[in-house]
Amino acid sequence: MRELANPTRFMSYSGKLLPWLCGLAVLTTGIGLYMTWFIAPADYQQGETVKIMYLHVPAAWLGLFFYTMMAVSALGTLVWRHPLADVSQKAAAPIGIAFTGICLVTGSLWGKPMWGTYWVWDARLTSVLVLFLMYAGILALWNAIEEPNRAARAVSILTLVGAINIPIVKFSVDWWNTLHQPASVFRMGGPTIHMSMLIPLLVMALAFTFIGVCLHLAGMRNEILRRRVRTLTILEAERLDAQVA
Amino acid sequence: MATHTFFIAAAYAVTTVIVAGLVARAVLDHRTQKRALAELEARGAGRRSRHG
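Line order of the protein sequences matches chains A and B. For what it's worth, our numbering labels the leading residue of the first sequence as 1, then goes sequentially. For what it's worth, our numbering labels the leading residue of the second sequence as 1001, then goes sequentially.
These are calculated hints, taken from the structure and not from any lab test. It should be emphasised that the depicted structure is a prediction, and the values quoted were computed from it without experimental measurement. A couple of the hints might just be wrong.
[Stated by the list, open to error] If you anchor each label on the Cβ, the simulated ranges turn out as follows:
id, chain 1, residue 1, chain 2, residue 2, range
1, B, V1023, A, W176, 16 to 24 Å
2, A, L139, B, A1020, 18 to 26 Å
3, A, T8, B, G1021, 43 to 51 Å
[Claimed, not checked] Short, incomplete list of chain A residues facing chain B, as computed with Cβ under 7 Å:
id, residue
4, T49
5, V105
6, A218
7, L225
8, R228
9, R230
10, L232
Each residue gets a CB set at the ideal place from its N, CA and C atoms; glycine is no exception.
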């Protein structure tokens, strides 16, 4: 990790790794979609509508995963002052909000035919909406403060405050009586889903993870380039000022 | 199934559009930053002033 703290070294390693990760993302997405559409059976109650779950569940996991990553990066910024922590945090936010958005939209599209409504103010749905709004607030704060180090510290504090919502999202179905079903994969006593559906679901989750990691690495690389551009622009302005003087 | 086709198709369409948007954003941002960096380096922006 220490070695990767150098942005130049990170650019070199990530540049070599990214094409392989993108290849794995394409491969697992192809396999996952094939399994979802041609191997996984229809649910005895939901029918073919269960196919929405192969998008909804991985998107929900990734929405939580990226916020958790941002919270760890926030600690990296505030406590360890790791030079790439805020770069990681800034790159993760747009991906996290996108996956949380996918989770909310696909959940609503599943809810209408299954529950008879697109939305209920149930603890799980509401806490995921709060997660989405937290991401939106964090993105707004990044854009509101121009100086990257000041923005990183302010965003880190907001991110850590918002991290309290992560266990609420996870355990909302246990703590409150919700319309949303309880956990059926990561639970004590093992998954309650039949293997014929569980394996395609896990492959899709792996595909989403590869997509998310690729986008995150690409986002970090772009952010490092953006900061180089900013530094060179300032240096150029200083040089021109000195010439005029 | 037939009555639910719209919901399934809409879920896959929305997901595809959002993921494609993220990929396009990353690629376009990379091109923009690379171009800006190349222009700055071509102008010698990294060089220190002799006066400074």
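query = Which numbered hints does this structure break?
reply = 1, 3, 9
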